[in-house]
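Protein chains: 2
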Amino acid sequence: MKIAPISGFPEWLPQARIVEQKVLDTLRSTFELHGFSGVETRAVEPMDQLLRKGETSKEVYVLRRLQGEEGQDSGLGLHFDLTVPLARYVLENAGKLDFPFKRYQIQKVWRGERPQDGRFREFYQADVDVVGQDSLAFHHDIELPLVMVDALSKLPIPRVRVRASNRKLAQGFYEAIGLENTEETLRILDKLDKVGPQVVTELLSEHVGASAEQAQLALSLAGITTEDASFVDRVRALGASSSLLDEGLEELATLVTEANSLIPGSVSADLSIARGLDYYTGSVFESTVEGHADLGSVCSGGRYDNLATAGNRSYPGVGLSIGVSRLLARFLHQDLLRASRKVPTAVYVAVNDESERHHASTIAARLRARGIPADVSHNATKFGKQIKAADKRGIPFVWFTTAEGEQVRDVRSGTQVPADPDTWTPPEEDRYPRVIMP
Amino acid sequence: MKIAPISGFPEWLPQARIVEQKVLDTLRSTFELHGFSGVETRAVEPMDQLLRKGETSKEVYVLRRLQGEEGQDSGLGLHFDLTVPLARYVLENAGKLDFPFKRYQIQKVWRGERPQDGRFREFYQADVDVVGQDSLAFHHDIELPLVMVDALSKLPIPRVRVRASNRKLAQGFYEAIGLENTEETLRILDKLDKVGPQVVTELLSEHVGASAEQAQLALSLAGITTEDASFVDRVRALGASSSLLDEGLEELATLVTEANSLIPGSVSADLSIARGLDYYTGSVFESTVEGHADLGSVCSGGRYDNLATAGNRSYPGVGLSIGVSRLLARFLHQDLLRASRKVPTAVYVAVNDESERHHASTIAARLRARGIPADVSHNATKFGKQIKAADKRGIPFVWFTTAEGEQVRDVRSGTQVPADPDTWTPPEEDRYPRVIMP
Numbered sequence: 001m002k003i004a005p006i007s008g009f010p011e012w013l014p015q016a017r018i019v020e021q022k023v024l025d026t027l028r029s030t031f032e033l034h035g036f037s038g039v040e041t042r043a044v045e046p047m048d049q050l051l052r053k054g055e056t057s058k059e060v061y062v063l064r065r066l067q068g069e070e071g072q073d074s075g076l077g078l079h080f081d082l083t084v085p086l087a088r089y090v091l092e093n094a095g096k097l098d099f100p101f102k103r104y105q106i107q108k109v110w111r112g113e114r115p116q117d118g119r120f121r122e123f124y125q126a127d128v129d130v131v132g133q134d135s136l137a138f139h140h141d142i143e144l145p146l147v148m149v150d151a152l153s154k155l156p157i158p159r160v161r162v163r164a165s166n167r168k169l170a171q172g173f174y175e176a177i178g179l180e181n182t183e184e185t186l187r188i189l190d191k192l193d194k195v196g197p198q199v200v201t202e203l204l205s206e207h208v209g210a211s212a213e214q215a216q217l218a219l220s221l222a223g224i225t226t227e228d229a230s231f232v233d234r235v236r237a238l239g240a241s242s243s244l245l246d247e248g249l250e251e252l253a254t255l256v257t258e259a260n261s262l263i264p265g266s267v268s269a270d271l272s273i274a275r276g277l278d279y280y281t282g283s284v285f286e287s288t289v290e291g292h293a294d295l296g297s298v299c300s301g302g303r304y305d306n307l308a309t310a311g312n313r314s315y316p317g318v319g320l321s322i323g324v325s326r327l328l329a330r331f332l333h334q335d336l337l338r339a340s341r342k343v344p345t346a347v348y349v350a351v352n353d354e355s356e357r358h359h360a361s362t363i364a365a366r367l368r369a370r371g372i373p374a375d376v377s378h379n380a381t382k383f384g385k386q387i388k389a390a391d392k393r394g395i396p397f398v399w400f401t402t403a404e405g406e407q408v409r410d411v412r413s414g415t416q417v418p419a420d421p422d423t424w425t426p427p428e429e430d431r432y433p434r435v436i437m438p
Numbered sequence: 001m002k003i004a005p006i007s008g009f010p011e012w013l014p015q016a017r018i019v020e021q022k023v024l025d026t027l028r029s030t031f032e033l034h035g036f037s038g039v040e041t042r043a044v045e046p047m048d049q050l051l052r053k054g055e056t057s058k059e060v061y062v063l064r065r066l067q068g069e070e071g072q073d074s075g076l077g078l079h080f081d082l083t084v085p086l087a088r089y090v091l092e093n094a095g096k097l098d099f100p101f102k103r104y105q106i107q108k109v110w111r112g113e114r115p116q117d118g119r120f121r122e123f124y125q126a127d128v129d130v131v132g133q134d135s136l137a138f139h140h141d142i143e144l145p146l147v148m149v150d151a152l153s154k155l156p157i158p159r160v161r162v163r164a165s166n167r168k169l170a171q172g173f174y175e176a177i178g179l180e181n182t183e184e185t186l187r188i189l190d191k192l193d194k195v196g197p198q199v200v201t202e203l204l205s206e207h208v209g210a211s212a213e214q215a216q217l218a219l220s221l222a223g224i225t226t227e228d229a230s231f232v233d234r235v236r237a238l239g240a241s242s243s244l245l246d247e248g249l250e251e252l253a254t255l256v257t258e259a260n261s262l263i264p265g266s267v268s269a270d271l272s273i274a275r276g277l278d279y280y281t282g283s284v285f286e287s288t289v290e291g292h293a294d295l296g297s298v299c300s301g302g303r304y305d306n307l308a309t310a311g312n313r314s315y316p317g318v319g320l321s322i323g324v325s326r327l328l329a330r331f332l333h334q335d336l337l338r339a340s341r342k343v344p345t346a347v348y349v350a351v352n353d354e355s356e357r358h359h360a361s362t363i364a365a366r367l368r369a370r371g372i373p374a375d376v377s378h379n380a381t382k383f384g385k386q387i388k389a390a391d392k393r394g395i396p397f398v399w400f401t402t403a404e405g406e407q408v409r410d411v412r413s414g415t416q417v418p419a420d421p422d423t424w425t426p427p428e429e430d431r432y433p434r435v436i437m438p
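The listed protein sequences correspond, in order, to chains A and B. Quick note on numbering: UniProt numbering labels position 84 of the first sequence as 84, and the sequence is numbered without any gaps. Quick note on numbering: UniProt numbering labels position 335 of the second sequence as 335, and the sequence is numbered without any gaps.
The following block holds chain A by itself, in its conformation from the complex (with noise of 0.2 Å):
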């Protein structure tokens, strides 16, 4: 029986779980602090679904029943997001929710890569989305991005930065140039981080029949970034003009000014996002860890007008999507994030002789009535052999039940003096493992 890791499919140890573990609730509470309500969703979708549209919906794990007709898949395959659950989640339940619908939803996603490639097959994502039913206001473009920056800000990371632009934007640019194939434009442009403006404007030229002068235009367009709406000038000064590409305009200027001014520097506008995906239709999203730009966005998204739609019912979304388990990868491989300890452990009780064993065991249950987290030595070693099971732990203390009474030790800096098991309270950092950055 072979025992490895499967590429692809991360673990953590004890001690990195309790950073996962602290990352993922402080991003829960944040979004609840914003009113969104949780959600989870089966891990399953029907194939019919998780095909309907999308790039990633070709890199699907279909599921089998060991038991089943052989080679007869069960029709039902791994969400490859979170977005495809929501969308049938909300047509499920449309009678029974309140619209706009304002949800999270922080679960594992599996994607059926090349096992070669390297890419993760199975990770966390952390969504939050508000639906409307047939409408939903503008200002909640503004809201989610601002609840990213919001969550994301209490994380023991780096600053991050939104970047923004706009579909009707790029589209009404386009257009105006004379470039009908928005779609596959938007597609080349995606990749001119990775090729160059030399190997678009190619591209542009070969695909959608791009001039040199439109090509240039396009790149011109992609290369204004800008920390307010002064983006709009430099717009404007390329010549092109729509009514299409005024609304994109007017909805990104409104965007990045009343962002910044609820959380200065949060959102800056960036015409260079694409995104490739082909149902945003207006404000779309990006941003960055500031010192791990090669990290690529950690947390994007956008809106888009028909999430789904349901008879004359239509529903349409704005949300962004963390990228959990990149992020987390990255700032625990690199040893930047770190458990205070290994174990939930505050205090560890030691045990004199097996037959004082009941005495240590409700001495432990005293502290943990009041919230202090306490183990009892799984032996009765010699003191010091006890001490050194629960450093090796980073459990800071220790307690003995003396001649002279219960006492407890620092296993830091050795002191132990006289305590209470109804009282003594550690000091509060020590209560529960605290993430650190070493």
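Do not take every clue at face value.
Said to hold, decoys possible - List time: in silico SDA-like cross-link candidates among lysine to any residue, alpha-carbon distance up to 20 Å:
(1) B:Lys108 to A:Ser74
(2) B:Lys108 to B:Leu51
(3) A:Lys96 to B:Arg338
(4) B:Lys382 to A:Ala137
(5) B:Lys382 to A:His139
(6) A:Lys96 to B:Glu11
(7) A:Lys108 to A:Thr26
(8) A:Lys58 to B:Glu69
(9) A:Lys342 to B:Asn93
(10) B:Lys108 to A:Thr41
(11) B:Lys388 to A:Leu97
(12) B:Lys22 to A:Thr41
(13) A:Lys342 to B:Lys382
What the hints assert, rightly or not - Restraint ranges, calculated between C-beta atoms of paired labels, are given here:
(14) B:Ser29 to A:Glu69: 43 to 51 Å
(15) B:Phe383 to A:Gly118: 53 to 61 Å
(16) A:Gly223 to B:Gly95: 34 to 42 Å
(17) A:Phe383 to B:Leu295: 41 to 49 Å
(18) B:Asp335 to A:Arg236: 36 to 44 Å
(19) B:Thr226 to A:Gly118: 36 to 44 Å
The hints are simulated quantities; they were obtained by calculation from the structure and are not laboratory data. For glycine and all other residues, C-beta sits at the position ideal for the given N, C-alpha and C.
Following the hints, complete the assembly by docking chain B onto the known chain A.
Just chain B now, with coordinates in the frame of chain A:
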């Protein structure tokens, strides 16, 4: 596109999800109070691991990459419990873990059941186990069920009582009365509840060659249940005797006596417990929610002397598992548990006019900064409608910016008073949704 629930894959509306999340949080925090480290393993295991043992191992979902070779599985399957992943995790990380290793794990598991069987195919399990390297002291057999009793006692459900038996006791007894096939005998006795003594007697005769007298003795043993160690005398009264039986009686007596000494009424002896799985080697546990015996055991487990082996190393363990989803389904479907509101929001900030949305957003931000979940009205309709929108979601307070200054209204009483967004605090019971028993 068909939108419908998939049988066996439960999902909750947001209000019920609040209850589920609260239950999961309570279990987690209790496990941590007892010093257990959280572990999360990938959802998949190699098929050879999954098929290694146990009856459930047949009910596996096998994964296939949609883009993979036609008809070729990935060699991976979804885990059907959290014990197989634990065994693999311990072997894979043995050099980096501290033993005895105490871990909890709260995750979804999947069973590839036939859809028409109506069983859960995706559900939450919450497991605690302690795993030793080469040896593991018996006192952990007492510790583990008490961790579960403590955790379950904090849930808003009726009292859960653990029932215990011992594999050595059963095997020692059967062998002493001349029934050599312990596995098969246990498997048959496991059906006693369902099929009754008459059929069990016939099955024992047919499959393990039991005489009427032997069958009667086995049934007599299964009939013994006591709140304390008095079961020992009743077993002795049946006349069988062996050193293995003695060992089992001693272990179970110690367990029941010490457990009830630490938490009165926590664990009783029930010699009818057979536990079909063949890897248990000592203590075995089941448990019942008072008033919900028909639900079956909601928390089960036991001692296994060979969770895993590697070379000449062995990893004995003892642990229990709560079937969280099944427990929750009962209490949520019968409306025995409910969240006090549908959303996390405690304060709904009204918007006088879209031009004043910025001000409302800053009020909400100031409340959130002090840990008060706040949302801003999605539109600027009449105040009566905004209050109704809050009330519909169960949000207790609506915030108004009036000509007389900032004010907060208790939606339930209609009382509206002046309030400062930097100091006003809701009653503690209104800050977060609570779980109530209607």
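Now for the hints, and whether the structure bears them out:
Of the supplied pair hints, the one linking B:Lys108 and A:Ser74 holds, its CA atoms being roughly 19 Å apart against a limit of 20 Å. Restraint check for B:Lys108 and B:Leu51: the C-alpha separation of about 19 Å stays at or below 20 Å, so the hint holds. As the CA atoms of A:Lys96 and B:Arg338 are separated by approximately 16 Å, the hinted pair is consistent with the 20 Å bound. A threshold of 20 Å between alpha carbons decides the hint, and for B:Lys382 with A:Ala137 the separation of about 17 Å falls inside it, so the pair holds.
Using a Cα cut-off of 20 Å, the hinted pair B:Lys382 and A:His139 holds, with the two alpha carbons roughly 19 Å apart. Among the hinted pairs, A:Lys96 with B:Glu11 is consistent with the structure: their alpha-carbon atoms are about 13 Å apart, no more than 20 Å. About 17 Å separates the Cα atoms of A:Lys108 and A:Thr26, which keeps this hinted pair within 20 Å; it holds. For the proposed pair A:Lys58 and B:Glu69, the alpha carbon gap of about 14 Å is at most 20 Å, so the pair holds.
Proximity of A:Lys342 to B:Asn93 is assessed by CA-CA distance (about 14 Å); at most 20 Å being required, the pair is judged to hold. Among the hinted pairs, B:Lys108 with A:Thr41 is consistent with the structure: their alpha-carbon atoms are about 11 Å apart, no more than 20 Å. For the hint linking B:Lys388 to A:Leu97, the alpha-carbon distance of about 15 Å falls within 20 Å, and the restraint holds. This hinted pair checks out: B:Lys22 and A:Thr41 have alpha carbons roughly 17 Å apart, not beyond 20 Å.
The suggested pairing of A:Lys342 with B:Lys382 is violated, with an alpha-carbon distance near 55 Å, which exceeds 20 Å. Under the hint 43 to 51 Å, the C-beta atoms of B:Ser29 and A:Glu69, about 45 Å apart, fit the expected range. In this structure the supplied range 53 to 61 Å holds for B:Phe383 paired with A:Gly118, their Cβ-Cβ distance being about 57 Å. One distance hint, 34 to 42 Å for the beta-carbon pair A:Gly223 and B:Gly95, is violated here, with the actual separation near 52 Å.
Here the CB-CB span from A:Phe383 to B:Leu295 is close to 46 Å, well matched to the stated 41 to 49 Å. Take B:Asp335 and A:Arg236: their Cβ atoms lie about 60 Å apart, and the range 36 to 44 Å is violated. Separation of B:Thr226 from A:Gly118 is about 59 Å and departs from the stated range, judged on CB atoms against 36 to 44 Å.
Of the numbered hints listed earlier, those contradicted by the structure are 13, 16, 18 and 19.
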